[in-house]
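Novice: Listed in order, the protein sequences are those of chains A and B.
Sequential numbering from 73 applies to the first sequence in my numbering.
Sequential numbering from 10 applies to the second sequence in my numbering.
Please keep in mind that the hints were generated in silico from the structure rather than gathered at the bench.
Glycine residues also receive a C-beta, built at the ideal position from the N, C-alpha and C atoms.
Hints should not be assumed to be uniformly reliable.
[Said to hold, decoys possible] Here are the in silico distance ranges between beta carbons for each label pair:
no., chain 1, residue 1, chain 2, residue 2, range
1, A, W220, B, E51, 41 to 49 Å
2, B, Q36, A, W220, 16 to 24 Å
3, B, H175, A, D221, 45 to 53 Å
4, B, Q36, A, E182, 44 to 52 Å
5, B, R82, A, F186, 24 to 32 Å
6, B, I35, A, Q204, 15 to 23 Å
7, A, R132, B, Q36, 22 to 30 Å
8, A, K84, B, I197, 39 to 47 Å
9, A, D127, B, Q55, 17 to 25 Å
10, A, S213, B, S31, 43 to 51 Å
11, A, A189, B, S31, 14 to 22 Å
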Amino acid sequence: MDNRQLREHYEKTGNIMDIFNDPDVLREMVRAEDECMGMIGAGFPAYSINPHPIDPEKLRLVMQKVRLQSILFTELEDMMNSANLGAGKEAGITEARRRIRQQLNQLTAEQQLFFDALVAEESLQPVDQLLQSQLKARLLSLLSMADWDAVGAAAIDAVQKHWMDSIESVGSPEQKKSGDDWKMAIGEKIDVAVAQIDRGQGRDGQEVIANLRDKLQKAKESH
Amino acid sequence: MTSGLFQDFDIMLTAINLTADSGKIIQAQLNQMQPRHLEDFETAWQEVLQDLNQDDAFWNWAMKKRLSLVDNRFEAYAIEYKKLTQGLLWLETRWHCSWANPDQRLVYVEAIAAAPWNRGLIQSPPYLKGVGAALLFFARQRSLALGYNGRVGLHALPASEGFYHHEQMLDYGEDPDKDNLRYFEFGIME
């Protein structure tokens, strides 16, 4: 797709990303990436120029872990959505993911078997209903109550922060306006005083102090 | 559109079709970068690279750079599929100018990277294909939205030059100010 076509597309839809909906365009994009082995990096020092050979068995295990995380995090997000955590959701998810990842490195043999089966099933359609139905319970039991408490605490902290940010953003313009009004009022008084002095109506400091002294003396004598 | 990191809870910007390793077309999401994407990057990406005994300069670079993203002139995005981060994009939107027309601003790609499992040199076939192209197109979309008429610039890694040639970006040659990486630019979209 050339520039002109892209521009026309943008002007029509406001979004050039949906050209990926066209299977031919997508195929072309994928071909371009395939030709350079998916190397699309830009802007930073090169990826390893001489990568070490990869052990296929290690790669299989790594990819199994990646797929398992996908499955668990999808379930986690469903759970978080149903808990309706609002502004705390993102922080809660992040904390939960961190703790789940830690747990995945210390699975029991029984847990490992279950998750291996789950990943193997993922590629099958439909996914085994029995495994799927156990997933939420497995996810819950993966972390301790203390972990889930910490996830809740992270969500609450985020809500609190969000609230304080909202208060500040609402308060600031008012405070600024009040400060501006004060500056304007003082400025007007100064302008009036300057004008009085210019007209010869100003009083010097000595005169003001003498007047005050007189007032104090009179007040003293009257008591 | 909100710029900077983590400023918005409504983060999904658009759905994008990509190709899975099975050859099937799947739908991924392009999001503003969120804490979970950085967490993926700092744990999942890094763990994979460590397990496979692979060096990755991108990881070190991004760790050093991440604090600078608190500045509004930077924008950060992530492609997510099945709740895992598949690619990351950092843009600078105010300071860089076109090499072809130095009085014209452009969107500069500070960095663009695919997850290790989406790189053919590590995982063949890659778990997902099309991540790089989608991110690059999104940089163009931002350029249009910012009134830069589609201008986008970047410094490509040597192994990625073929990809940017294929995308028909103009090649301005090696840039001694940027470790001799070649500078590429998308011109005005007209």
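Novice: Can you list which hints this structure breaks, lowest number first?
Specialist: 1, 2, 4, 5, 8, 10
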